[in-house]
Amino acid sequence: MAHFDTEYQRLEVSYNDSPPGGDDMLVHVPEGVKSQWHHIENLDLFFQRVYNLHQKNGFTCMLLGEIFELVQLIFVVAFTVFLTNCVDYDILFANKFVNHTHNEHETVKVTLPDAFLPANVCSARIRDNAFVIFIMIIAGVFWLHRLIKFIYNICCYWEIRSFYINALRIPMADLPYYTWQEVQTRIIEIQKEHQMCIHKKELSELDIYHRILRFKNYMVAMVNKSLLPIRYHHPLLGNVVFYTRGLKYNFELIFFWGPGSLFENEWSLKPEYKRGGNRLELAGKLSTRILWIGVANLLLCPIILIWQILYAFFSYTEVIKREPGSLGARCWSLYGRCYLRHFNELDHELMSRLSKGYKASSKYMNCFMSPLLTVVAKNVAFFAGSILAVLISLTIYDEDVLAVEHVLTTITLLGVCVTICRSFIPDKHMVFCPEQLLKVILAHIHYMPDHWQGNAHRYETRDEFSQLFQYKAVFILEELLSPVITPFILIFCLRHKALEIIDFFRNFTVEVVGAGDTCSFAQMDVRQHGHPAWMSAGKTEASIYQQAEDGKTELSLMHFAITNPRWQPPRESTHFISQLKGKVQREATSGQQGALLENHLFTSIQSIQSESEPHSLIANLLVGPPSIGSFQFGREGHTAPHISSASDVASALCSLSPLSTSQHLRGSYTSTHPPRSDGRGLTAARGIAGSGTDARTASSGSSAWEGQLSSMVLSEYASTEMSIHALYMHELHKQHSQTEPARHTWHRQESDDSSESVPEESEVLIGLPRSSTFPSASARQHPYQDQASLHSSGHRRHGGTTDAVSGGPRAAHRFSRLPMGGWAEEVRAGRHHETVPEEGTEEELPPQIHKEPQIMMKLGVDIPKNILVCLSCG
Amino acid sequence: MNCRSEVLEVSLESRQVDEAMLALLHTILLHRSTGKFHYKKEGTYSIGTVGSQDTDCDYIDFSFVRVSSEELDRAMRKSVGEFKDALCNSGSDGVGQISLEFYQKKKSRWPFSDECIPWEVWSIKVNVVSLANEQERQICREKVGEKLGEKVINIVEVINRHEYLPKMPTQSEVDNVFDTSLKDVQPYLYKITYQITDSLGTSVSTTMRRLIKDTLAL
Numbered sequence: 002m003a004h005f006d007t008e009y010q011r012l013e014v015s016y017n018d019s020p021p022g023g024d025d026m027l028v029h030v031p032e033g034v035k036s037q038w039h040h041i042e043n044l045d046l047f048f049q050r051v052y053n054l055h056q057k058n059g060f061t062c063m064l065l066g067e068i069f070e071l072v073q074l075i076f077v078v079a080f081t082v083f084l085t086n087c088v089d090y091d092i093l094f095a096n097k098f099v100n101h102t103h104n105e106h107e108t109v110k111v112t113l114p115d116a117f118l119p120a121n122v123c124s125a126r127i128r129d130n131a132f133v134i135f136i137m138i139i140a141g142v143f144w145l146h147r148l149i150k151f152i153y154n155i156c157c158y159w160e161i162r163s164f165y166i167n168a169l170r171i172p173m174a175d176l177p178y179y180t181w182q183e184v185q186t187r188i189i190e191i192q193k194e195h196q197m198c199i200h201k202k203e204l205s206e207l208d209i210y211h212r213i214l215r216f217k218n219y220m221v222a223m224v225n226k227s228l229l230p231i232r233y234h235h236p237l238l239g240n241v242v243f244y245t246r247g248l249k250y251n252f253e254l255i256f257f258w259g260p261g262s263l264f265e266n267e268w269s270l271k272p273e274y275k276r277g278g279n280r281l282e283l284a285g286k287l288s289t290r291i292l293w294i295g296v297a298n299l300l301l302c303p304i305i306l307i308w309q310i311l312y313a314f315f316s317y318t319e320v321i322k323r324e325p326g327s328l329g330a331r332c333w334s335l336y337g338r339c340y341l342r343h344f345n346e347l348d349h350e351l352m353s354r355l356s357k358g359y360k361a362s363s364k365y366m367n368c369f370m371s372p373l374l375t376v377v378a379k380n381v382a383f384f385a386g387s388i389l390a391v392l393i394s395l396t397i398y399d400e401d402v403l404a405v406e407h408v409l410t411t412i413t414l415l416g417v418c419v420t421i422c423r424s425f426i427p428d429k430h431m432v433f434c435p436e437q438l439l440k441v442i443l444a445h446i447h448y449m450p451d452h453w454q455g456n457a458h459r460y461e462t463r464d465e466f467s468q469l470f471q472y473k474a475v476f477i478l479e480e481l482l483s484p485v486i487t488p489f490i491l492i493f494c495l496r497h498k499a500l501e502i503i504d505f506f507r508n509f510t511v512e513v514v515g516a517g518d519t520c521s522f523a524q525m526d527v528r529q530h531g532h533p534a535w536m537s538a539g540k541t542e543a544s545i546y547q548q549a550e551d552g553k554t555e556l557s558l559m560h561f562a563i564t565n566p567r568w569q570p571p572r573e574s575t576h577f578i579s580q581l582k583g584k585v586q587r588e589a590t591s592g593q594q595g596a597l598l599e600n601h602l603f604t605s606i607q608s609i610q611s612e613s614e615p616h617s618l619i620a621n622l623l624v625g626p627p628s629i630g631s632f633q634f635g636r637e638g639h640t641a642p643h644i645s646s647a648s649d650v651a652s653a654l655c656s657l658s659p660l661s662t663s664q665h666l667r668g669s670y671t672s673t674h675p676p677r678s679d680g681r682g683l684t685a686a687r688g689i690a691g692s693g694t695d696a697r698t699a700s701s702g703s704s705a706w707e708g709q710l711s712s713m714v715l716s717e718y719a720s721t722e723m724s725i726h727a728l729y730m731h732e733l734h735k736q737h738s739q740t741e742p743a744r745h746t747w748h749r750q751e752s753d754d755s756s757e758s759v760p761e762e763s764e765v766l767i768g769l770p771r772s773s774t775f776p777s778a779s780a781r782q783h784p785y786q787d788q789a790s791l792h793s794s795g796h797r798r799h800g801g802t803t804d805a806v807s808g809g810p811r812a813a814h815r816f817s818r819l820p821m822g823g824w825a826e827e828v829r830a831g832r833h834h835e836t837v838p839e840e841g842t843e844e845e846l847p848p849q850i851h852k853e854p855q856i857m858m859k860l861g862v863d864i865p866k867n868i869l870v871c872l873s874c875g
Numbered sequence: 027m028n029c030r031s032e033v034l035e036v037s038l039e040s041r042q043v044d045e046a047m048l049a050l051l052h053t054i055l056l057h058r059s060t061g062k063f064h065y066k067k068e069g070t071y072s073i074g075t076v077g078s079q080d081t082d083c084d085y086i087d088f089s090f091v092r093v094s095s096e097e098l099d100r101a102m103r104k105s106v107g108e109f110k111d112a113l114c115n116s117g118s119d120g121v122g123q124i125s126l127e128f129y130q131k132k133k134s135r136w137p138f139s140d141e142c143i144p145w146e147v148w149s150i151k152v153n154v155v156s157l158a159n160e161q162e163r164q165i166c167r168e169k170v171g172e173k174l175g176e177k178v179i180n181i182v183e184v185i186n187r188h189e190y191l192p193k194m195p196t197q198s199e200v201d202n203v204f205d206t207s208l209k210d211v212q213p214y215l216y217k218i219t220y221q222i223t224d225s226l227g228t229s230v231s232t233t234m235r236r237l238i239k240d241t242l243a244l
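Chains as they are written, first to last, in our numbering: chain A, 2 to 875; chain B, 27 to 244.
In isolation and in its complexed conformation, chain A is listed as follows (with noise of 0.2 Å):
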């Protein structure tokens, strides 16, 4: 081999030591390695546990709710023991009489150590029985795998820990008062100096997102194109939906992590299945590891039916005790949550969101009472209830009554029986409004196929809402079952599914750089996914197969910008919001005229009184579509209603939007400035009000912008702000779906219809939210209040830290600033905070700061009792 050297050699003198002369050479500095966090090996598993750990509150709770699971386990399994060996029953039910007395005329109580076996008697019962043996050792096994997994977790997220504290710096004890979102930012800043993610300069919410909800967006795209063998048509039950917690850790087991699964690690699906070539031999592969899970399944299946009985027992008995209506009460199904998921959205974005909507939810479920099984539960109830009456009386009469046999016994079940049947007679003082209800509830979770509307008063509809939003004790009895019918479910449904799911895997993974493999859904590409149906007509190049269902996508995207208002989408995706936004405008100018004299009144009232306005927002818009719709389901077919209703909704936005506009700008400015820079943030703010048209409500709400309350206020109006966008977005999909043939005589009947159509309407409007919220404002005032000031002194203490070095001179410099008008007084009150917070007690807190969590707390939960007092009055 030619080999032969250039000039550049090394300079031989420096082979073993310093150079010489080691001054005049380039001296470096390092740079050195200052934290641990950059360049993370496995950021998904990395963000995940921050999130983990945001939402635990902390590792101190983290760790202590852990070893209670750890104890419990093991109280379970020992307690189960103890009582099916170690108590003599015989003793306990007195067939057996106890002869440890020395008198035996005399009457001895026994007492619960009498009842149970010497020890050694015990020991040895449990050594004869295999059955017991066999349970306990696999319950010890598992339990060795939960301490395991525990140590781990433990050392894991003490990293995480001090991830928190050194280079979040947030303090554990501070950690609950930050919202995600904050949490969010904070990373998005530091990734500047640590690069944890090596592809990329800076990271943006999505990628954080992609990489916690990663398999939950494929499974909630799974769902949206009814991918997985959950819905049922049973010959006598109708449609069935079955979708339990074992089905689900199963149905992940197969796709994303277990042995052989489609997915190579975390983070990228294995490359073969990329490719199209061999989808035929890879659907075989995969059908035959189903049928190896499902048999796995099915050999477990006893195993995990005890477990499941067990824990069941366990858990839910000093429930029932304690309260028995809690079966009757519902949850919402574990299909339910993953159908009106949004995709990219974090739990406890859905779970709030959920939450909220369930008061709405329970009373539409309750709005359906059999006729029948009213009449036959008033008679079942008056003879339990006359036996119940008689028997008490006696008891109280004398009470050796109780002490005949079975005596408590039938007072206990005839109680029971009694609250049974009383759970199946309305109550006569209810006022009912399916449709009204369910345009409330769609408010908060956002998705409803599209035969409901209209039907909401039918049994068709209550049944299939009813599988969003199940009974608990059929949410048990399922989590029961579960263990048996899952097996089936693989071998028989899933396994002819396994063609299609390659090619979902396939067709709708897409590589992004710095997330890596993700669903494309999860993308919100207007362009690739929209449904025409859904606003992204003419935008979106999708076939019948890549349209997500129900407006997913739509609803995802809107979602998503407004949580994240920091966020920068797509070009697609900015154009279908600002388009979707000047839509929303020209509607509402377009129904201006006649809600001008609304407008009026209200932002009279909010002068006098500073009354939220978010609030009587929703009263407005949610009391204004159904009394309209009423007409319109009196099946006249003229859309008349449906334009003013439209337009109604985009007003109500409207009016919101200054608020939103000075959200979306002080995003961006704490985006380049450090997230307490209120100062700047309040300009800003103060700048949109100055120019938008309801420049009070927004100053107004600029005084409790600060710190954590006004991340939390945010949050609160942009879920408001989305419950509005989703019912807004509904409406404008029922329009296009109904009058998409008769489009021109809709745009000539706008001009004139909306303007006779509103003012009758507002005139309804204006007296009803009135009279139906002050006086619960008022009546609800301390329990909010406990609220605000929890927040404002969780705001208080966050603020020493920070605020002590910088406060005053900030401050001043802020108020400065503000113009002398009529709402000096709360600058002083805010200024009284700022600088002097330790004298600050929660009564001297301006009102404002109170208000603003007060009425969105309130939003929730009152809507519905609002509309309902808005229509018994009219």
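The reader is advised that the hints may include incorrect statements.
Said to hold, decoys possible - Listed next, the in silico DSS-like pairs over lysine-lysine satisfying Cα-Cα at most 25 Å (straight line):
1) K209/B / K67/B
2) K540/A / K249/A
3) K275/A / K151/B
4) K193/A / K132/B
5) K202/A / K132/B
6) K193/A / K67/B
7) K133/B / K271/A
8) K735/A / K226/A
9) K104/B / K217/B
10) K379/A / K364/A
11) K271/A / K226/A
12) K364/A / K429/A
13) K201/A / K131/B
14) K133/B / K150/A
15) K209/B / K193/A
16) K131/B / K202/A
17) K132/B / K150/A
18) K201/A / K209/B
19) K429/A / K271/A
20) K132/B / K201/A
21) K249/A / K150/A
22) K540/A / K584/A
23) K193/A / K217/B
24) K193/B / K202/A
25) K271/A / K151/B
As the list claims (entries may be wrong) - What follows is a set of in silico ranges between Cβ atoms, one per label pair, in the way DEER data are often shown:
26) E32/B / L478/A: 53 to 61 Å
27) R572/A / E68/B: 23 to 31 Å
28) R572/A / N180/B: 51 to 59 Å
29) K209/B / D175/A: 48 to 56 Å
30) L157/B / K271/A: 46 to 54 Å
31) E68/B / Q37/A: 53 to 61 Å
32) K271/A / D111/B: 22 to 30 Å
33) D140/B / H737/A: 41 to 49 Å
34) K169/B / Q37/A: 42 to 50 Å
Simulated from the structure, these hints should not be mistaken for lab results. Where is the CB? At the ideal position from N, CA and C, for every residue including glycine.
Keeping the supplied structure of chain A fixed, place chain B upon it in accordance with the hints.
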């Protein structure tokens, strides 16, 4: 994975394999090596010099520049030799992949061993062709030379981008970033692995390890 990966593909004759691999790997390492660090007292350091050397290939019309370090060259030749043997003995159609992975070590707490976190992986996919006569070999010799030239430019382009590199370490941490075992040059920590297509499926041990890790991380 939180690391960059670059893939290069070449097809060549079996006798050209080791020279071509050496050319590519050395080119990458030339840009991923520094002189030895000499730490001073105040937490500063000076960097020693690195010589470079032209190497001509026998079976390819090509010459490349490499770091003039015999130790590094020996290490390279050893791994490339192993790769070539495996490729020749595999008996299959001669498709294989050699990858050069740069990583950094991260100290972790007691129960875990030190993690090696890769930040850049270069994979070279090799496709071995067999040629019938001398004339074809001559053409191949030139063609592969051209191809390698392109790849080298490709590599330099990638390396010139401003992307993540581990930060310059302090004295105590230098072993976590750089391979300090060599006497005359100091490349970033690297690892050379190869795969022959037949065994592309992951081995049993890695599957087991993943299974355990997965169950732990549930």
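Worksheet item: Taking 25 Å as the top limit, are the C-alpha atoms of K271/A and K226/A close enough?
Response: Holds, at about 22 Å.
Discussion item. Hint check: K209/B vs K193/A, CA-CA at most 25 Å. Holds or violated?
Written reply: violated, 36 Å
Discussion item. Given the hinted pair K429/A and K271/A, is their Cα-Cα distance within 25 Å?
Written reply: Distance of about 61 Å is beyond 25 Å: violated.
Worksheet entry | Cβ distance range 22 to 30 Å for K271/A and D111/B, holds or violated | At roughly 29 Å between Cβ atoms, D111/B and K271/A fall inside 22 to 30 Å, so the hint holds.
Item to complete: With a cut-off of 25 Å on the C-alpha distance, tell me whether K201/A and K131/B pass.
Response: holds, 21 Å
Discussion item. Need the status of pair K540/A, K584/A: alpha-carbon distance at most 25 Å?
Written reply: holds, 15 Å
Worksheet item: Between K193/A and K217/B, is the straight-line Cα distance small enough, at 25 Å or below?
Response: violated, 29 Å
Fill in: Given hint K226/A paired with K735/A - CA-CA distance at most 25 Å
holds, 21 Å
Worksheet entry | Given hint K151/B paired with K275/A - CA-CA distance at most 25 Å | This hinted pair holds, its Cα atoms lying about 19 Å apart.
Discussion item. Please verify whether K271/A and K151/B have alpha carbons no more than 25 Å apart.
Written reply: holds, 18 Å
Worksheet item: Quick one, are K193/B and K202/A close enough, alpha carbons at most 25 Å?
Response: OK: K193/B and K202/A at ~14 Å, within 25 Å.
Discussion item. For a C-alpha distance cap of 25 Å, please report whether K249/A and K150/A respect it.
Written reply: holds, 21 Å
Going through the hint list in order, the structure does not satisfy hints 2, 6, 7, 15, 18, 19, 23, 27, 28, 30, 31, 33.
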